[in-house]
Amino acid sequence: MNRIFTMLMVVFPAFAAAQTPMTLSDCLRTALERNLILRSGQIAVLRAEDLQKTSFDLAPTELSFGQDFTTGLSTDNSVRISQTFDLPSVYSSKSKLLKAQTDVERGRMAVTRNQLAANVKSAYFTLAFMRERLRILQSQDSLYTHFLQIANDKLGAGETGRLEQMNIERLAGENRTAVANAARDVHTAQLQLMLWMNTDSAVTTVGDTLQRLDIGNPGTFDAASTPMGAALQNEVTAADRNLHSIKQGWMPQVSIGATIQAVIRGLNPYNVDRTPFSKGDLMGLEVGVSLPLSFGAQSAKVRAAKREVDMAELNRQEQLRSLQTDYQTAMDSYAKARCTLDYYDREALHKSDEMVRISHTAYKNGSISYVELLQNMQTAEETRMSYVQAINDFNQAIIRLESIRGSE
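The numbering used here puts the first residue of the sequence shown at 1, with every later residue one more than the last.
Source of the hints: derived by calculation from the structure; they are not laboratory data.
You may find that some hints are simply not true.
[To be verified] Ranges between beta-carbon positions, derived for each pair:
| hint | residue 1 | residue 2 | range |
| --- | --- | --- | --- |
| 1 | GLN317 | SER386 | 39 to 47 Å |
| 2 | GLN248 | GLY66 | 29 to 37 Å |
| 3 | ASN315 | GLN115 | 40 to 48 Å |
All values reported here derive from a predicted model rather than from experimental measurement.
All residues carry an ideal CB built from backbone N, CA and C; glycine is no exception.
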């Protein structure tokens with residue numbers, strides 16, 4: 001066993017470094033705080049919220065100054081200011097569009113958050129499973145080492161042949177290779193969990209045994225109420241708001257302007273009478289309406305926006321159907337995993353333990369050889385390995401179901 005750990009520390013320095021045991025809740029909390037993809041989604045929401053403040057966006061105010069030295073007091077000697085406004089419905093429509101686009105970003109972030117939680121759970125229990133496999137193989141290595149010593153002693157005493165010793169050496173060598181590969185699998189699973197958590201610290205699971213999840217009460221499944229379903233509906237709503245906003249392009253614009261007297265009193269090179277009005281500087285007001293006269297481009301924009309709404313709705317329906325199918329498939333996988341796990345709980349583990357007990361008794365009584373005992377022990381360990389694989393399949397099936405339902 002010490003030889004195995006020495007080899008692992010040489011091949012994987014992470015095994016020699018301090019590893020921090022963390023619960024699943026701790027890993028989820030760290031991932032939700034530090035994952036870069038989720039943080040990018042949060043920034044996207046903030047960006048959309050900032051853009052909501054641009055719904056009331058006035059056109060630039062026009063300001064002009066005119067001074068003609070060859071005329072008397074006229075509009076050529078004036079300051080003119082004018083402002084163009086959209087109708088209130090235009091600003092309202094744009095505000096609703098920007099809010100809908102913010103909801104789209106929130107929906108996407110909810111989907112990202114849900115998927116991240118599923119990825120962290122899957123990586124966490126995969127790491128726990130890989131560690132359990134490694135422990136089983138390490139216990140087998142101790143067993144092989146023990147029986148190899150017995151074979152060497154018997155070979156030295158002339159009680160057995162070289163063939164039996166070679167067979168034990170072969171099994172021990174194969175198991176050492178399996179231990180090294182299992183250690184690599186642990187390291188890979190650990191790196192994946194660290195990636196989702198966005199941390200460089202070596203993280204490991206809590207406890208020495210593989211725990212099984214509890215699915216609770218699955219209840220009924222409604223694809224539309226999942227994070228993905230809500231996000232798809234937000235996209236349809238945003239497309240519909242965009243259509244209403246584009247339709248506002250038919251609306252006229254209102255402009256208001258004022259002209260104010262402007263005379264540079266000390267500058268009159270042509271001696272033109274430029275006496276200003278004595279009762280005030282305001283010379284005129286104007287109110288105008290801008291009407292669209294070309295309808296072809298606007299009609300094309302409206303038709304294109306309607307198609308976007310149709311496309312978003314069709315995509316929503318297709319994705320919901322796909323989500324429903326995914327859920328049914330995940331339920332089938334869960335049922336199979338549950339059936340397999342129940343078999344091991346009900347029969348296989350008990351029979352495996354009984355096989356070990358009977359084999360030890362038979363070996364002590366001389367009924368079987370140590371080679372037969374070793375083979376029976378190997379069969380029992382293979383059953384144990386299949387059992388932890390069944391637990392992992394069961395856990396992963398539950399994680400998949402929770403991910404589809406949107407349960408963190």
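Evaluation of the provided hints:
no., hint, verdict
1, GLN317 to SER386: 39 to 47 Å, "holds, 42 Å"
2, GLN248 to GLY66: 29 to 37 Å, "holds, 35 Å"
3, ASN315 to GLN115: 40 to 48 Å, "violated, 18 Å"
Checked against the numbered hints above, the structure breaks only hint 3 and satisfies the rest.
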